[in-house]
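Undergrad: Each chain is listed here by its residues.
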Amino acid sequence: MFFNLNTQGLVCTLRIEGELDAVSVVELRPVIDRIGAERPPRVEVDLARLRLIDSSGVGAIVALFKAVRSYDGSMTVVGVRDQPLAIFKLLRLDRVFVRDVA
Amino acid sequence: MIEYTRTKGCNVICLEVPGKLECRDMALRTISAACKLVMPKASARGSRQADAISHIVSAVGEAYNNIVLHGYAGREPGTIQIHIENCREWMRVMIKDTGTSFDPAQAKPPDLEALPESGLGIFIMRSFVDEMTYVPGTDGSPNVLMLFKRLDEIPPSAINTHRPA
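Those protein sequences? They're chains A and B, same order as listed.
Going by the working numbering, the first sequence opens with residue 37, and the numbers climb by one from there.
Going by the working numbering, the second sequence opens with residue -11, and the numbers climb by one from there.
FYI, nobody ran anything at the bench for these hints, they're computed from the structure.
Beta carbons are placed, not taken as given, at the ideal position from N, Cα and C, and that holds for glycine.
Be aware that one or more of the hints could be misleading.
If you want the footprint, here are the derived chain B segments under chain A, 3+ residues with CB under 8 Å [stated by the list, open to error]:
| id | segment |
| --- | --- |
| 1 | 1 to 14 |
| 2 | 45 to 55 |
| 3 | 84 to 93 |
Straight-line distance between alpha carbons at most 30 Å, and here's what the computed DSS-like set of lysine-lysine pairs gives [stated by the list, open to error]:
| id | chain 1 | residue 1 | chain 2 | residue 2 |
| --- | --- | --- | --- | --- |
| 4 | B | Lys8 | A | Lys125 |
| 5 | A | Lys102 | A | Lys125 |
| 6 | B | Lys24 | B | Lys8 |
| 7 | B | Lys(-4) | B | Lys96 |
| 8 | A | Lys125 | B | Lys96 |
| 9 | B | Lys8 | B | Lys96 |
| 10 | B | Lys(-4) | B | Lys24 |
| 11 | B | Lys(-4) | A | Lys102 |
| 12 | B | Lys84 | B | Lys96 |
| 13 | A | Lys125 | B | Lys(-4) |
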């Protein structure tokens, strides 16, 4: 997994690439904590280059969503496709925070 | 260790890996590669075949996680044996381990409206395959999880006809 965190103005963009799974999710937890501490008004999670996600990875994305929601911020997930999209649809997350489905 | 044979029109692939998360990607790439042997159109994004690969890879991935994170938790990990059989119409994956048994039938379905952060693995497995059975190991025999997925739109009666015993 590779991730990149970039803040411009009010928008914080988190780009995650590769596999977000039980192996790699531990690397993402500090990032979620950091976003929760910095409280950017808008968080955009770019998953266009995410190849695979599992329930552990989904748990991290949902945790981030809840953290952002807790301080009345907004979060969207963009670019999700292929296997991650299948998971998001099954768990109905596409109705919660996904837009711009590829 | 990986073995490939072709029997009665089916691909048969056997893979044995250490029960560690580091080997998960190898197992899932093998599942994906096995699917592509029988689904040449699977590269078309959004196709039914591509969805089928996503589903079976997801289900096996969750099963693998369960074995490593729960079955082999707190002990020296054993191996995970993955036996794949597939043809154009269906795919069957048997996963064997010697860890602590679990009964997927006891897992309650998650409340998706509550946005759970855990407890989703068995729900994903069950949702993405057409059949799932689990036989806990006893007296040294391994736990056996069987996942069956239809890959093509054929009636169940035809599947039974083609399916090996």
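Undergrad: Evaluate each hint against the coordinates.
TA: Against the structure, the hints:
Here's how the segment 1 to 14 of chain B fares: 4 of its residues keep a CB closer than 8 Å to some CB of chain A, so the rule of at least three is met and the hint holds. A stretch counts as covered by a chain when three or more of its residues have a beta carbon under 8 Å from one of that chain; for the segment 45 to 55 of chain B and chain A the count is 5, and the coverage holds. Counting residues of the segment 84 to 93 of chain B whose C-beta sits closer than 8 Å to any C-beta of chain A gives 0, which falls short of three, so the coverage hint is violated. A distance of roughly 29 Å separates the Cα atoms of lysine 8 (chain B) and lysine 125 (chain A); the hinted pair therefore holds under the 30 Å criterion.
For the given pair, lysine 102 (chain A) sits about 19 Å from lysine 125 (chain A) by alpha-carbon distance, which is consistent with the 30 Å threshold. Taking the CA atoms of lysine 24 (chain B) and lysine 8 (chain B), the gap is about 25 Å. The hint holds against a cut of 30 Å. Taking the CA atoms of lysine -4 (chain B) and lysine 96 (chain B), the gap is near 39 Å; set against the 30 Å cutoff, the hint is violated. A threshold of 30 Å between alpha carbons decides the hint, and for lysine 125 (chain A) with lysine 96 (chain B) the separation of about 20 Å falls inside it, so the pair holds.
The hinted pair formed by lysine 8 (chain B) and lysine 96 (chain B) meets the criterion: a straight-line CA distance of about 26 Å does not exceed 30 Å. Of the supplied pair hints, the one linking lysine -4 (chain B) and lysine 24 (chain B) holds, its CA atoms being roughly 18 Å apart against a limit of 30 Å. Taking the CA atoms of lysine -4 (chain B) and lysine 102 (chain A), the gap is near 51 Å; set against the 30 Å cutoff, the hint is violated. The straight-line distance between the Cα atoms of lysine 84 (chain B) and lysine 96 (chain B) is roughly 23 Å, inside the 30 Å bound, and the hint therefore holds.
About 36 Å separates the Cα atoms of lysine 125 (chain A) and lysine -4 (chain B), which puts this hinted pair outside 30 Å; it is violated.
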